[in-house]
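Student: These are the residues of each chain, in order.
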Amino acid sequence: MASADSDTQPTEAIPHAVKIIVAGGFGAGKTTLVSSVSEIAPLSTEEVMTEASYGVDDLGGVEEKTTTTVALDFGRITIGTDIVLYLFGTPGQDRFWFMWEELAAGALGAVVLADTRRLDTCFHAVDFFERKGVPFIVAVNRFEGSTEYSAEEVREALDVPENVPVVAADARERKSSKEVLVELVTHVLRSRQAAMSG
Amino acid sequence: MNAERQQPQEESTVALTRRAPAELAPPEGEEERFLRPFAVDAGVNTSRPDGPVEQLDMLSRVVAARTPGRYEWLRPERETILNHAERASTVVELTAELGLPLGQVRAIAAEMLAEGSLQRCGPTRSLGHSDLLHAVLVGLRSL
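From first to last, the protein sequence lines stand for chains A and B.
Quick note: the first sequence, position 190, residue 190 per the numbering used here, numbers continuous.
Quick note: the second sequence, position 50, residue 50 per the numbering used here, numbers continuous.
A few of these clues could be false.
A few chain B residues that don't get close to chain A, going by computed Cβ distances all over 12 Å [unchecked claim]: (1) R70; (2) E72; (3) P76; (4) Q104; (5) G139.
Here are a few chain A residues that face chain B, going by a calculated C-beta distance under 7 Å [to be verified]: (6) I83; (7) R155; (8) L158; (9) L181; (10) E183; (11) L189; (12) R190.
Some chain A residues judged to face chain B by a derived CB distance under 10 Å, without partners named [unchecked claim]: (13) K19; (14) T31; (15) S35; (16) V160; (17) N163.
It should be emphasised that the hints constitute simulated quantities derived from the structure, not laboratory data.
Note that this is a predicted model, so its numbers are computed, not measured.
Ideal placement from N, C-alpha and C gives every residue a C-beta, glycine not left out.
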């Protein structure tokens, strides 16, 4: 990655593409967070998944195949001429794990958005990033009508270790979303330094 | 999908199937899920004799190595890719531009790389991981 690519021929500067994942349960505010900090309206892409029976691809039974489209939205933040951040919201439903695998590969880190009204919906995300060794922080999204929980209560409920930051956020606010990202990158740097110093 | 389409090959099926690892496997009864090869490779022959096609990440950056040819409109996806990748573009941005599934765009782009219509490009200025993180942090703070 650090080596110069000899194939590069354009004269324009090619920035680093850095990936940050925004995960959380369905309706936790992932797209809202991405939209609030992205410099472009979030772009939408999709992946197609077929649910079908194994074996020979015969024509009989084709009518029983169902195709599921998984939507994947992403936003972009350009940082100087060297870096472009891509913020990916994970597909809401747990069953689209195959997209998570791909998203996690090479990601700088992840934000797990927690909705205190349905805290259990982000358990899977926490499990996944822990298992994959992707650094993450938890951002508790404020929803109107939700009971205020302290960061500690959320930490306990999610059973995340002490060193993982749990912060309050308002995904609708650009400033708040930006602070969440700053917190994540700070956490990644801190974990890295801790790992290097012993 | 005409008669000339190759039978799905074992290798390509393996390479293009995105299965969750065992511990994340979906609940029982859903194990049979897989990606239909033609939906992914758009008829592109991914089992070429000269080795596997290049693996493209969703954030791999490619740039057009040529302008669209006279008959490119016959293959509108390629025409769109060549036009859009006039400036280096990530695979995922091309996907959004084309409105096609990610896997399909990835396969087409890989084929175009193999035939020399596209070139992969890396960052102009290389940054170590730490420098990169610091630069991201400074950049985010100044947003």
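Student: If a hint holds in the structure, say so; if it doesn't, say that too.
Tutor: We went through each hint and held it up to the structure:
Consistency note on R70(B): stated as away from chain A, and its beta-carbon is indeed over 12 Å from all of that chain's, at 23 Å minimum. For E72(B), the condition that its CB be more than 12 Å from all CB atoms of chain A holds, with the nearest at approximately 20 Å. The claim that P76(B) is not at the interface with chain A holds, since no C-beta of that chain comes within 12 Å of its own (minimum 18 Å). At roughly 8 Å from the closest C-beta of chain A, the C-beta of Q104(B) falls inside 12 Å, breaking its exclusion from the interface.
Not every CB of chain A lies more than 12 Å from the CB of G139(B), the least distance being 3 Å, so the non-interface label is violated. Taken as an interface hint, I83(A) checks out: its beta carbon lies about 6 Å from the nearest beta carbon of chain B, inside 7 Å. The closest approach between the C-beta of R155(A) and any C-beta of chain B is roughly 23 Å, which is over the 7 Å cut-off, so the hint fails. Interface hint at L158(A): violated, since its Cβ lies 18 Å from the closest Cβ of chain B, which is beyond the 7 Å cut-off.
Checking L181(A) against chain B: minimum C-beta separation of about 5 Å stays under 7 Å; hint holds. About 10 Å separates the beta-carbon of E183(A) from the nearest beta-carbon of chain B, more than 7 Å, and the hint is not met. The interface hint given for L189(A) is met, as the beta carbon of that residue sits about 5 Å from the closest beta carbon of chain B, less than 7 Å. At a threshold of 7 Å, the smallest CB-CB gap from R190(A) to chain B is about 10 Å, leaving the interface hint violated.
A distance limit of 10 Å between C-beta atoms decides the matter here; for K19(A) the minimum to chain B is near 6 Å, and the interface restraint holds. At a threshold of 10 Å, the smallest CB-CB gap from T31(A) to chain B is about 14 Å, leaving the interface hint violated. Contact between S35(A) and chain B, as hinted, is not supported at the beta carbon level, the nearest pair being about 14 Å apart and thus beyond 10 Å. For V160(A), the interface hint is violated, since its Cβ never comes within 10 Å of a Cβ in chain B; the closest pair sits about 19 Å apart.
Interface restraint check for N163(A): the shortest CB-CB distance to chain B comes to about 17 Å, outside 10 Å, so the restraint is violated.
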